[in-house]
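Chains as they are written, first to last, in my numbering: chain W, 8 to 166; chain Z, 19 to 178.
FYI, nobody ran anything at the bench for these hints, they're computed from the structure. This structure is a prediction, so every number in the text was calculated from the model and none was measured.
Estimated spans, in silico, between C-beta atoms of each pair:
#1 W:S74 / Z:A115: 52 to 62 Å
#2 W:S141 / Z:T111: 47 to 57 Å
#3 W:A96 / Z:A114: 48 to 58 Å
#4 Z:T111 / W:S164: 20 to 30 Å
#5 W:T94 / Z:A74: 36 to 46 Å
#6 Z:N159 / W:A84: 14 to 24 Å
Just so you know, even glycine gets a beta-carbon here, dropped at the ideal spot from N, CA and C.
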Amino acid sequence: MMRMVLVAAVAALLAMPAGAQAQASASADLTVSVTVIQGLSLTKTSAGDLDFGVHPANTTASVVPASGASFQAAGEAGQPISVSFGTAALGGLVFTPAVNAHDADNAAAASALSSGSSVTLNGSGNYYFWVGGSLPIPAGHGPGAYTGTWTLSVAYSAL
Amino acid sequence: MAMRWSVRIVLGAAAIAAALITAPAPSFAQQLQVTRIQDLSFGALLAGSTAAVPPASPEAGKFTVRGVPNRPVVITFALPTLLHQGGATLPVTFGAASAAWSPVDDVSTATYFNPALPLSVDVPPGGRTIYIWIGGQVGTNPQQLPGGYAGPLVITAVTS
Numbered sequence: 008m009m010r011m012v013l014v015a016a017v018a019a020l021l022a023m024p025a026g027a028q029a030q031a032s033a034s035a036d037l038t039v040s041v042t043v044i045q046g047l048s049l050t051k052t053s054a055g056d057l058d059f060g061v062h063p064a065n066t067t068a069s070v071v072p073a074s075g076a077s078f079q080a081a082g083e084a085g086q087p088i089s090v091s092f093g094t095a096a097l098g099g100l101v102f103t104p105a106v107n108a109h110d111a112d113n114a115a116a117a118s119a120l121s122s123g124s125s126v127t128l129n130g131s132g133n134y135y136f137w138v139g140g141s142l143p144i145p146a147g148h149g150p151g152a153y154t155g156t157w158t159l160s161v162a163y164s165a166l
Numbered sequence: 019m020a021m022r023w024s025v026r027i028v029l030g031a032a033a034i035a036a037a038l039i040t041a042p043a044p045s046f047a048q049q050l051q052v053t054r055i056q057d058l059s060f061g062a063l064l065a066g067s068t069a070a071v072p073p074a075s076p077e078a079g080k081f082t083v084r085g086v087p088n089r090p091v092v093i094t095f096a097l098p099t100l101l102h103q104g105g106a107t108l109p110v111t112f113g114a115a116s117a118a119w120s121p122v123d124d125v126s127t128a129t130y131f132n133p134a135l136p137l138s139v140d141v142p143p144g145g146r147t148i149y150i151w152i153g154g155q156v157g158t159n160p161q162q163l164p165g166g167y168a169g170p171l172v173i174t175a176v177t178s
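Can you build the whole structure from these sequences, using the hints too?
This is the structure:
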């Protein structure tokens with residue numbers, strides 16, 4: 008009797024570590040994600056370009072942004088964009104821009120923006136820009152019509 | 019007299035066996051833990067472009083596997099091939115060096131490996147923790163529907 012019980016106990020002891028020797032496994036998961044955003048565009052929305060009119064030499068022509076050319080950026084709502092621009096040459100003259108910007112199409116509420124600034128597209132994916140500037144005309148500068156091209160650029164900041 | 023002695027032995031052996039069988043000593047299963055630390059995010063991506071996140075990137079996914087010191091652990095992944103946004107999909111791929119592991123929480127010391135293949139490592143005796151980072155690549159087409167795409171990635175650790 009005693010031998011039988013001892014055999015049973017030993018068998019139980021031998022069987023006990025079976026759980027420890029069996030394979031054990033554990034799992035976890037994570038989420039892989041990406042946000043695809045639509046392209047970014049910039050459109051000149053004013054009917055005309057920036058026209059300083061007629062000025063004599065030795066003066067500085069200027070146009071306030073609200074009266075100048077306007078642009079609209081369109082892209083992914085809520086995305087930050089960087090804005091860049093420089094000066095422009097018109098023959099021997101140098102145009103220095105003054106840019107105002109706002110997330111609503113409201114020139115009166117817009118504030119000055121420097122090149123390299125970052126702004127955030129509004130809930131509809133838009134941002135608005137108004138461009139004026141100054142154009143010094145040196146003394147003795149020859150009369151004539153001067154034109155040039157000025158470029159405003161926008162790019163997604165987070166890409 | 020002899021009978022009484024036999025009974026004591028029998029009861030003692032049975033008690034020991036019962037105690038061992040029911041002892042709450044932690045099994046390997048109880049000591050094996052896999053924990054998600056961080057999701058894998060490719061961030062924002064312009065339609066028509068691709069993006070890659072290496073394991074050492076702050077955007078890489080991260081797990082820890084905690085097990086029994088010096089015991090081998092085999093780690094496998096169920097990798098997604100597509101990320102979904104409703105009915106729209108985009109492909110996600112994993113390469114030979116898209117994952118990395120280290121016995122310390124420092125990806126700069128990690129060993130790179132292919133997450134499509136099982137990884138067998140021994141649980142370090144010190145911290146008892148294996149750190150795993152995983153990156154990957156995604157691609158989009160120019161007509162890709164904008165929005166957030168996501169999919170699950172599952173890691174499983176097996177020890178014996």
